[in-house]
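Trainee: Sequence:
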Amino acid sequence: MKLEKLLIASLLFAVYLLIGGMSLYSASGQANSTQTGTPQTKEAAKIQSVSMSDALISSLSINPEKAGGKIPSLQTSSWLAASPSAKFNYLKGQQDTSADELEISLNLAIKSNFQRDIDQKLTSLDLKIKQQQTNLKKLHLSGLIREAIWNYKIEKTKLDYLQKKENILHKLKNNQLKLIDAGEASAYGLLLIQKESNKAQIDMLTSRLKMTSWMEQYTLVTGLSEMPEIIAEKQMTIVKTRLTDHPDVQLLLNRWKQKSLNLQSSSSDAAPWNMSFTAKNTETLNVTDDQIGISIEVPLSFVQSTSQRSSNEWRQGKAQFDMDYQLLMLKLNRQIKQLNGQSRLLSKKEILLNDSVKLSQLIMKQIDQFKIGNEMNQELILRRVLEAIETKNDYAITQLLKLQNNAMIRQSAGISL
1004 MKLEKLLIAS LLFAVYLLIG GMSLYSASGQ ANSTQTGTPQ TKEAAKIQSV SMSDALISSL
1064 SINPEKAGGK IPSLQTSSWL AASPSAKFNY LKGQQDTSAD ELEISLNLAI KSNFQRDIDQ
1124 KLTSLDLKIK QQQTNLKKLH LSGLIREAIW NYKIEKTKLD YLQKKENILH KLKNNQLKLI
1184 DAGEASAYGL LLIQKESNKA QIDMLTSRLK MTSWMEQYTL VTGLSEMPEI IAEKQMTIVK
1244 TRLTDHPDVQ LLLNRWKQKS LNLQSSSSDA APWNMSFTAK NTETLNVTDD QIGISIEVPL
1304 SFVQSTSQRS SNEWRQGKAQ FDMDYQLLML KLNRQIKQLN GQSRLLSKKE ILLNDSVKLS
1364 QLIMKQIDQF KIGNEMNQEL ILRRVLEAIE TKNDYAITQL LKLQNNAMIR QSAGISL
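Using our numbering, you'd call the opening residue of the sequence shown number 1004 and step up by one each time.
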(Lines of atoms letter the chains of each structure in order from A and count residues from 1; the text may use other names and numbers.)
(Lines give C-alpha, C1' and ligand atoms only; values in the text may rest on other atoms or scores of the structure.)
Protein backbone atom coordinates (compact mmCIF):
# COMPACT_ATOMS: atom_id res chain seq x y z
CA MET A 1 0.00 0.00 0.00
CA LYS A 2 1.28 3.42 -0.88
CA LEU A 3 0.28 4.97 2.47
CA GLU A 4 3.66 6.61 3.05
CA LYS A 5 3.69 8.24 -0.41
CA LEU A 6 0.15 9.55 0.10
CA LEU A 7 0.98 11.06 3.50
CA ILE A 8 4.14 12.75 2.20
CA ALA A 9 2.38 14.16 -0.88
CA SER A 10 -0.53 15.58 1.10
CA LEU A 11 1.74 17.14 3.76
CA LEU A 12 3.98 18.77 1.13
CA PHE A 13 0.89 20.13 -0.57
CA ALA A 14 -0.33 21.67 2.70
CA VAL A 15 3.09 23.19 3.49
CA TYR A 16 3.24 24.73 0.01
CA LEU A 17 -0.14 26.40 0.54
CA LEU A 18 0.71 27.74 3.98
CA ILE A 19 4.14 29.11 3.00
CA GLY A 20 3.37 30.35 -0.50
CA GLY A 21 -0.08 31.85 -0.09
CA MET A 22 -0.80 32.45 3.58
CA SER A 23 1.65 35.03 4.92
CA LEU A 24 0.88 35.87 8.54
CA TYR A 25 1.36 39.32 9.87
CA SER A 26 1.32 40.87 13.32
CA ALA A 27 -1.37 43.55 13.57
CA SER A 28 -0.06 44.87 16.82
CA GLY A 29 3.48 44.87 15.42
CA GLN A 30 2.35 47.17 12.59
CA ALA A 31 0.61 49.40 15.12
CA ASN A 32 3.77 49.67 17.19
CA SER A 33 6.02 50.40 14.19
CA THR A 34 4.90 54.03 14.09
CA GLN A 35 5.71 54.75 17.72
CA THR A 36 7.72 57.86 18.34
CA GLY A 37 10.95 57.85 20.27
CA THR A 38 10.73 58.01 24.05
CA PRO A 39 11.32 61.59 25.13
CA GLN A 40 14.09 62.06 27.63
CA THR A 41 13.65 63.92 30.88
CA LYS A 42 14.40 67.60 30.47
CA GLU A 43 17.29 68.68 32.70
CA ALA A 44 16.84 72.38 32.07
CA ALA A 45 20.02 74.37 31.94
CA LYS A 46 20.15 77.41 34.14
CA ILE A 47 21.12 79.56 31.18
CA GLN A 48 18.03 78.69 29.12
CA SER A 49 14.54 78.91 30.58
CA VAL A 50 12.12 76.00 30.44
CA SER A 51 9.27 76.36 27.95
CA MET A 52 5.70 75.11 28.26
CA SER A 53 6.36 72.40 25.66
CA ASP A 54 9.47 71.34 27.59
CA ALA A 55 7.30 70.84 30.66
CA LEU A 56 4.91 68.60 28.68
CA ILE A 57 7.76 66.56 27.17
CA SER A 58 9.24 66.04 30.61
CA SER A 59 5.83 65.05 31.96
CA LEU A 60 5.38 62.45 29.22
CA SER A 61 8.83 61.01 29.96
CA ILE A 62 8.12 60.43 33.66
CA ASN A 63 4.56 59.22 33.03
CA PRO A 64 5.06 56.44 30.45
CA GLU A 65 2.51 53.88 29.42
CA LYS A 66 2.09 51.17 32.05
CA ALA A 67 3.50 47.81 31.04
CA GLY A 68 0.31 46.11 32.20
CA GLY A 69 -1.74 48.21 29.81
CA LYS A 70 0.05 47.07 26.66
CA ILE A 71 -1.84 44.67 24.43
CA PRO A 72 0.16 41.47 23.74
CA SER A 73 1.29 40.88 20.18
CA LEU A 74 -1.17 38.53 18.47
CA GLN A 75 -0.61 36.83 15.13
CA THR A 76 -3.47 37.15 12.66
CA SER A 77 -3.79 36.03 9.08
CA SER A 78 -4.47 38.46 6.28
CA TRP A 79 -6.92 36.07 4.63
CA LEU A 80 -7.58 33.10 6.94
CA ALA A 81 -10.80 33.41 8.95
CA ALA A 82 -9.76 30.65 11.36
CA SER A 83 -6.91 28.26 12.02
CA PRO A 84 -6.57 25.47 9.42
CA SER A 85 -7.88 22.06 10.43
CA ALA A 86 -6.91 18.59 9.31
CA LYS A 87 -9.19 15.55 9.08
CA PHE A 88 -8.10 11.91 8.99
CA ASN A 89 -10.46 9.02 8.10
CA TYR A 90 -9.44 5.37 8.01
CA LEU A 91 -11.98 2.65 7.18
CA LYS A 92 -10.99 -1.03 7.44
CA GLY A 93 -13.10 -3.46 5.47
CA GLN A 94 -14.56 -6.39 7.48
CA GLN A 95 -14.82 -8.75 4.48
CA ASP A 96 -12.07 -10.08 2.27
CA THR A 97 -13.62 -8.32 -0.70
CA SER A 98 -14.16 -5.05 1.22
CA ALA A 99 -12.05 -2.01 0.50
CA ASP A 100 -9.70 -0.31 2.93
CA GLU A 101 -9.91 3.47 2.74
CA LEU A 102 -7.61 6.21 4.03
CA GLU A 103 -8.66 9.82 3.57
CA ILE A 104 -6.74 12.93 4.62
CA SER A 105 -8.14 16.44 4.16
CA LEU A 106 -6.90 19.96 4.93
CA ASN A 107 -9.70 22.46 5.62
CA LEU A 108 -9.23 26.20 5.20
CA ALA A 109 -11.68 29.00 6.05
CA ILE A 110 -10.86 31.82 3.63
CA LYS A 111 -11.90 35.38 4.45
CA SER A 112 -14.31 37.03 2.06
CA ASN A 113 -13.40 40.29 0.35
CA PHE A 114 -15.89 42.03 2.63
CA GLN A 115 -14.14 40.67 5.74
CA ARG A 116 -10.68 41.59 4.44
CA ASP A 117 -11.89 45.13 3.82
CA ILE A 118 -13.21 45.26 7.40
CA ASP A 119 -9.85 44.00 8.71
CA GLN A 120 -7.99 46.77 6.88
CA LYS A 121 -10.32 49.40 8.30
CA LEU A 122 -9.97 47.95 11.81
CA THR A 123 -6.17 48.03 11.55
CA SER A 124 -6.29 51.68 10.49
CA LEU A 125 -8.75 52.52 13.28
CA ASP A 126 -6.56 50.77 15.83
CA LEU A 127 -3.65 53.06 14.93
CA LYS A 128 -5.90 56.13 15.10
CA ILE A 129 -7.32 55.13 18.49
CA LYS A 130 -3.84 54.60 19.92
CA GLN A 131 -2.78 58.02 18.65
CA GLN A 132 -5.91 59.64 20.07
CA GLN A 133 -5.30 57.97 23.43
CA THR A 134 -1.81 59.48 23.38
CA ASN A 135 -3.27 62.88 22.46
CA LEU A 136 -5.78 62.56 25.30
CA LYS A 137 -2.97 61.81 27.72
CA LYS A 138 -1.07 64.88 26.47
CA LEU A 139 -4.20 66.99 26.95
CA HIS A 140 -4.74 65.69 30.48
CA LEU A 141 -1.12 66.40 31.46
CA SER A 142 -1.34 69.82 29.76
CA GLY A 143 -4.35 70.63 31.93
CA LEU A 144 -2.48 69.74 35.12
CA ILE A 145 0.56 71.77 34.01
CA ARG A 146 -1.54 74.78 33.04
CA GLU A 147 -3.45 74.64 36.31
CA ALA A 148 -0.27 74.52 38.40
CA ILE A 149 1.63 77.21 36.47
CA TRP A 150 -1.16 79.77 36.23
CA ASN A 151 -2.30 79.43 39.83
CA TYR A 152 1.31 79.63 41.00
CA LYS A 153 1.80 82.78 38.91
CA ILE A 154 -1.37 84.37 40.32
CA GLU A 155 -0.35 83.62 43.91
CA LYS A 156 3.16 84.92 43.19
CA THR A 157 1.69 88.20 41.94
CA LYS A 158 -0.50 88.45 45.03
CA LEU A 159 2.53 87.82 47.22
CA ASP A 160 4.55 90.52 45.46
CA TYR A 161 1.84 93.11 46.06
CA LEU A 162 1.39 91.97 49.65
CA GLN A 163 5.11 92.44 50.14
CA LYS A 164 4.86 95.96 48.73
CA LYS A 165 1.93 96.60 51.04
CA GLU A 166 3.93 95.34 54.01
CA ASN A 167 6.91 97.54 53.08
CA ILE A 168 4.68 100.63 52.94
CA LEU A 169 3.07 99.72 56.26
CA HIS A 170 6.52 99.25 57.77
CA LYS A 171 7.52 102.77 56.67
CA LEU A 172 4.25 104.20 57.99
CA LYS A 173 4.83 102.39 61.26
CA ASN A 174 8.31 103.89 61.65
CA ASN A 175 6.97 107.38 60.85
CA GLN A 176 4.16 106.91 63.34
CA LEU A 177 6.61 105.83 66.04
CA LYS A 178 8.64 108.98 65.47
CA LEU A 179 5.50 111.12 65.76
CA ILE A 180 4.53 109.34 68.97
CA ASP A 181 8.02 109.81 70.42
CA ALA A 182 7.82 113.51 69.52
CA GLY A 183 4.41 113.74 71.18
CA GLU A 184 2.72 114.78 67.92
CA ALA A 185 0.45 111.72 67.54
CA SER A 186 -1.41 109.16 69.60
CA ALA A 187 -1.11 105.38 69.49
CA TYR A 188 -4.39 105.06 67.54
CA GLY A 189 -2.74 105.36 64.13
CA LEU A 190 -0.02 102.90 65.15
CA LEU A 191 -2.64 100.33 66.16
CA LEU A 192 -4.39 100.66 62.79
CA ILE A 193 -1.11 100.18 60.96
CA GLN A 194 -0.20 97.16 63.06
CA LYS A 195 -3.61 95.60 62.42
CA GLU A 196 -3.23 95.98 58.65
CA SER A 197 0.34 94.66 58.86
CA ASN A 198 -0.83 91.53 60.66
CA LYS A 199 -3.52 90.97 58.03
CA ALA A 200 -0.97 91.39 55.23
CA GLN A 201 1.38 88.88 56.86
CA ILE A 202 -1.42 86.34 57.22
CA ASP A 203 -2.31 86.79 53.53
CA MET A 204 1.37 86.37 52.64
CA LEU A 205 1.54 83.10 54.55
CA THR A 206 -1.58 81.88 52.73
CA SER A 207 -0.13 82.79 49.33
CA ARG A 208 3.18 81.09 50.14
CA LEU A 209 1.33 77.94 51.20
CA LYS A 210 -0.66 77.90 47.95
CA MET A 211 2.49 78.56 45.91
CA THR A 212 4.19 75.60 47.58
CA SER A 213 1.18 73.39 46.82
CA TRP A 214 1.08 74.38 43.14
CA MET A 215 4.85 73.95 42.80
CA GLU A 216 4.57 70.47 44.29
CA GLN A 217 1.88 69.58 41.75
CA TYR A 218 4.02 70.96 38.92
CA THR A 219 7.08 69.00 40.09
CA LEU A 220 5.03 65.83 40.57
CA VAL A 221 3.59 66.05 37.05
CA THR A 222 6.72 67.21 35.17
CA GLY A 223 9.65 66.21 37.35
CA LEU A 224 11.01 69.76 36.99
CA SER A 225 11.78 72.27 39.70
CA GLU A 226 11.76 75.30 37.41
CA MET A 227 8.65 76.84 35.88
CA PRO A 228 8.55 78.47 32.44
CA GLU A 229 8.97 82.22 32.33
CA ILE A 230 6.89 82.71 29.18
CA ILE A 231 3.48 81.13 29.83
CA ALA A 232 1.08 83.17 27.68
CA GLU A 233 -0.41 81.08 24.85
CA LYS A 234 -1.75 82.00 21.43
CA GLN A 235 -5.07 83.82 21.62
CA MET A 236 -8.05 81.51 21.19
CA THR A 237 -11.63 82.60 20.56
CA ILE A 238 -14.87 80.65 20.49
CA VAL A 239 -15.13 81.22 16.72
CA LYS A 240 -11.86 79.36 16.12
CA THR A 241 -12.76 76.30 18.19
CA ARG A 242 -13.47 73.04 16.34
CA LEU A 243 -14.80 70.66 18.93
CA THR A 244 -15.02 67.83 16.39
CA ASP A 245 -11.20 67.71 16.51
CA HIS A 246 -11.20 67.31 20.30
CA PRO A 247 -9.39 64.06 21.30
CA ASP A 248 -12.38 62.95 23.40
CA VAL A 249 -14.73 63.42 20.44
CA GLN A 250 -12.41 61.70 17.96
CA LEU A 251 -11.87 58.79 20.35
CA LEU A 252 -15.61 58.36 20.85
CA LEU A 253 -16.26 58.44 17.08
CA ASN A 254 -13.53 55.95 16.21
CA ARG A 255 -14.47 53.55 19.00
CA TRP A 256 -18.03 53.46 17.64
CA LYS A 257 -16.68 52.87 14.13
CA GLN A 258 -14.59 50.04 15.54
CA LYS A 259 -17.57 48.48 17.29
CA SER A 260 -19.75 48.90 14.21
CA LEU A 261 -17.17 47.15 12.01
CA ASN A 262 -16.88 44.30 14.49
CA LEU A 263 -20.65 43.87 14.37
CA GLN A 264 -20.56 43.86 10.57
CA SER A 265 -18.17 40.90 10.78
CA SER A 266 -21.14 38.76 11.82
CA SER A 267 -23.17 39.60 8.71
CA SER A 268 -23.69 37.18 5.83
CA ASP A 269 -21.31 39.14 3.57
CA ALA A 270 -18.48 38.41 5.99
CA ALA A 271 -19.06 34.64 5.98
CA PRO A 272 -15.84 32.80 4.99
CA TRP A 273 -15.30 30.57 1.98
CA ASN A 274 -14.58 26.99 3.04
CA MET A 275 -11.91 25.22 1.00
CA SER A 276 -10.83 21.60 1.47
CA PHE A 277 -7.89 19.74 -0.10
CA THR A 278 -8.42 15.97 0.07
CA ALA A 279 -6.16 12.99 -0.59
CA LYS A 280 -7.76 9.50 -0.61
CA ASN A 281 -6.32 6.03 -0.91
CA THR A 282 -8.54 3.01 -1.60
CA GLU A 283 -7.21 -0.55 -1.64
CA THR A 284 -9.40 -3.48 -2.80
CA LEU A 285 -8.10 -6.98 -3.52
CA ASN A 286 -4.57 -5.69 -3.97
CA VAL A 287 -5.86 -2.96 -6.29
CA THR A 288 -4.84 0.50 -5.10
CA ASP A 289 -6.51 3.72 -6.17
CA ASP A 290 -5.10 7.17 -5.19
CA GLN A 291 -7.26 10.28 -5.50
CA ILE A 292 -6.54 13.97 -4.89
CA GLY A 293 -9.30 16.59 -4.96
CA ILE A 294 -10.43 20.00 -3.88
CA SER A 295 -13.81 21.29 -2.74
CA ILE A 296 -14.94 24.91 -2.30
CA GLU A 297 -18.00 26.06 -0.38
CA VAL A 298 -19.04 29.62 -1.30
CA PRO A 299 -21.79 31.36 0.71
CA LEU A 300 -24.51 32.87 -1.48
CA SER A 301 -25.53 36.14 0.16
CA PHE A 302 -27.73 38.04 -2.24
CA VAL A 303 -29.10 40.17 0.59
CA GLN A 304 -26.94 41.27 3.49
CA SER A 305 -28.31 39.76 6.67
CA THR A 306 -27.21 39.31 10.25
CA SER A 307 -28.43 37.61 13.40
CA GLN A 308 -31.15 39.15 15.54
CA ARG A 309 -28.69 39.36 18.42
CA SER A 310 -26.14 41.31 16.36
CA SER A 311 -28.86 43.57 15.01
CA ASN A 312 -30.12 44.37 18.51
CA GLU A 313 -26.57 44.93 19.72
CA TRP A 314 -25.91 47.36 16.86
CA ARG A 315 -29.08 49.37 17.58
CA GLN A 316 -28.29 49.55 21.29
CA GLY A 317 -24.70 50.55 20.59
CA LYS A 318 -25.81 53.25 18.13
CA ALA A 319 -28.31 54.67 20.60
CA GLN A 320 -25.66 54.73 23.35
CA PHE A 321 -23.15 56.37 21.00
CA ASP A 322 -25.63 59.07 19.94
CA MET A 323 -26.40 59.88 23.57
CA ASP A 324 -22.71 59.92 24.60
CA TYR A 325 -21.84 62.11 21.62
CA GLN A 326 -24.59 64.63 22.34
CA LEU A 327 -23.69 64.81 26.05
CA LEU A 328 -19.98 65.24 25.29
CA MET A 329 -20.59 68.01 22.74
CA LEU A 330 -23.02 69.71 25.13
CA LYS A 331 -20.44 69.57 27.92
CA LEU A 332 -17.62 70.94 25.75
CA ASN A 333 -19.80 73.68 24.25
CA ARG A 334 -20.97 74.72 27.71
CA GLN A 335 -17.38 74.91 28.97
CA ILE A 336 -16.29 77.01 26.00
CA LYS A 337 -19.25 79.39 26.31
CA GLN A 338 -18.73 79.81 30.06
CA LEU A 339 -15.04 80.58 29.55
CA ASN A 340 -15.88 82.95 26.71
CA GLY A 341 -18.35 84.77 28.97
CA GLN A 342 -15.70 85.01 31.67
CA SER A 343 -13.30 86.41 29.08
CA ARG A 344 -15.69 89.23 28.18
CA LEU A 345 -16.31 89.96 31.86
CA LEU A 346 -12.58 90.08 32.60
CA SER A 347 -12.00 92.45 29.67
CA LYS A 348 -14.60 94.87 31.02
CA LYS A 349 -13.19 94.51 34.52
CA GLU A 350 -9.70 95.22 33.22
CA ILE A 351 -10.84 98.50 31.64
CA LEU A 352 -12.55 99.61 34.85
CA LEU A 353 -9.59 98.65 37.00
CA ASN A 354 -7.26 100.51 34.67
CA ASP A 355 -9.33 103.64 35.26
CA SER A 356 -9.33 102.91 39.00
CA VAL A 357 -5.53 102.70 39.02
CA LYS A 358 -5.31 106.12 37.39
CA LEU A 359 -7.81 107.53 39.88
CA SER A 360 -5.84 106.01 42.75
CA GLN A 361 -2.71 107.74 41.53
CA LEU A 362 -4.54 111.09 41.52
CA ILE A 363 -5.93 110.38 44.98
CA MET A 364 -2.44 109.60 46.28
CA LYS A 365 -1.21 112.95 45.02
CA GLN A 366 -4.08 114.67 46.79
CA ILE A 367 -3.33 112.72 49.95
CA ASP A 368 0.22 114.04 49.96
CA GLN A 369 -1.15 117.58 49.81
CA PHE A 370 -3.67 116.85 52.56
CA LYS A 371 -0.96 115.36 54.73
CA ILE A 372 1.02 118.56 54.46
CA GLY A 373 -2.04 120.62 55.32
CA ASN A 374 -3.15 118.09 57.97
CA GLU A 375 -6.66 118.15 56.46
CA MET A 376 -7.38 114.43 56.69
CA ASN A 377 -7.20 112.12 59.64
CA GLN A 378 -4.66 109.34 59.72
CA GLU A 379 -7.16 106.50 59.38
CA LEU A 380 -8.59 107.85 56.14
CA ILE A 381 -5.12 108.38 54.74
CA LEU A 382 -4.19 104.79 55.58
CA ARG A 383 -7.36 103.43 53.95
CA ARG A 384 -6.75 105.34 50.75
CA VAL A 385 -3.13 104.16 50.55
CA LEU A 386 -4.16 100.53 51.02
CA GLU A 387 -7.00 100.85 48.50
CA ALA A 388 -4.53 102.16 45.93
CA ILE A 389 -2.27 99.16 46.48
CA GLU A 390 -5.19 96.71 46.28
CA THR A 391 -6.47 98.34 43.10
CA LYS A 392 -3.10 97.86 41.42
CA ASN A 393 -3.04 94.27 42.67
CA ASP A 394 -6.55 93.59 41.31
CA TYR A 395 -5.56 95.06 37.95
CA ALA A 396 -2.46 92.84 37.70
CA ILE A 397 -4.42 89.75 38.78
CA THR A 398 -7.17 90.47 36.25
CA GLN A 399 -4.61 90.63 33.46
CA LEU A 400 -3.30 87.23 34.54
CA LEU A 401 -6.83 85.83 34.79
CA LYS A 402 -7.47 86.88 31.18
CA LEU A 403 -4.39 84.96 30.04
CA GLN A 404 -5.36 81.99 32.21
CA ASN A 405 -8.88 82.09 30.74
CA ASN A 406 -7.39 81.88 27.24
CA ALA A 407 -5.32 78.86 28.31
CA MET A 408 -8.46 77.20 29.70
CA ILE A 409 -10.32 77.85 26.43
CA ARG A 410 -7.51 76.08 24.57
CA GLN A 411 -7.69 73.24 27.09
CA SER A 412 -11.47 72.87 26.65
CA ALA A 413 -11.01 72.95 22.87
CA GLY A 414 -8.65 69.97 23.13
CA ILE A 415 -5.41 71.82 22.35
CA SER A 416 -2.46 70.55 24.37
CA LEU A 417 0.75 72.43 25.09
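Hints in this document: simulated from the structure, not taken from any laboratory.
There may be inaccurate statements among the hints.
[Stated by the list, open to error] The calculated DSBU-like cross-link candidates involving lysine-lysine, where the alpha carbons are at most 30 Å apart (straight line), are:
#  : residue 1 : residue 2
1  : Lys1167   : Lys1156
2  : Lys1237   : Lys1159
3  : Lys1213   : Lys1395
4  : Lys1141   : Lys1131
5  : Lys1141   : Lys1405
6  : Lys1351   : Lys1140
7  : Lys1262   : Lys1213
8  : Lys1133   : Lys1405
9  : Lys1262   : Lys1368
10 : Lys1213   : Lys1131
11 : Lys1340   : Lys1283
12 : Lys1321   : Lys1351
13 : Lys1334   : Lys1361
14 : Lys1161   : Lys1395
15 : Lys1140   : Lys1260
16 : Lys1174   : Lys1321
17 : Lys1174   : Lys1156
18 : Lys1283   : Lys1141
19 : Lys1202   : Lys1334
20 : Lys1141   : Lys1340
21 : Lys1213   : Lys1260
22 : Lys1262   : Lys1133
23 : Lys1159   : Lys1321
24 : Lys1237   : Lys1334
25 : Lys1368   : Lys1213
26 : Lys1202   : Lys1361
27 : Lys1161   : Lys1262
Trainee: Which hints, by number, does the structure contradict?
Mentor: Violated hints (numbers, rising): 6, 7, 8, 9, 10, 11, 12, 13, 16, 18, 19, 21, 23, 25 and 27; every other hint is consistent with the structure.
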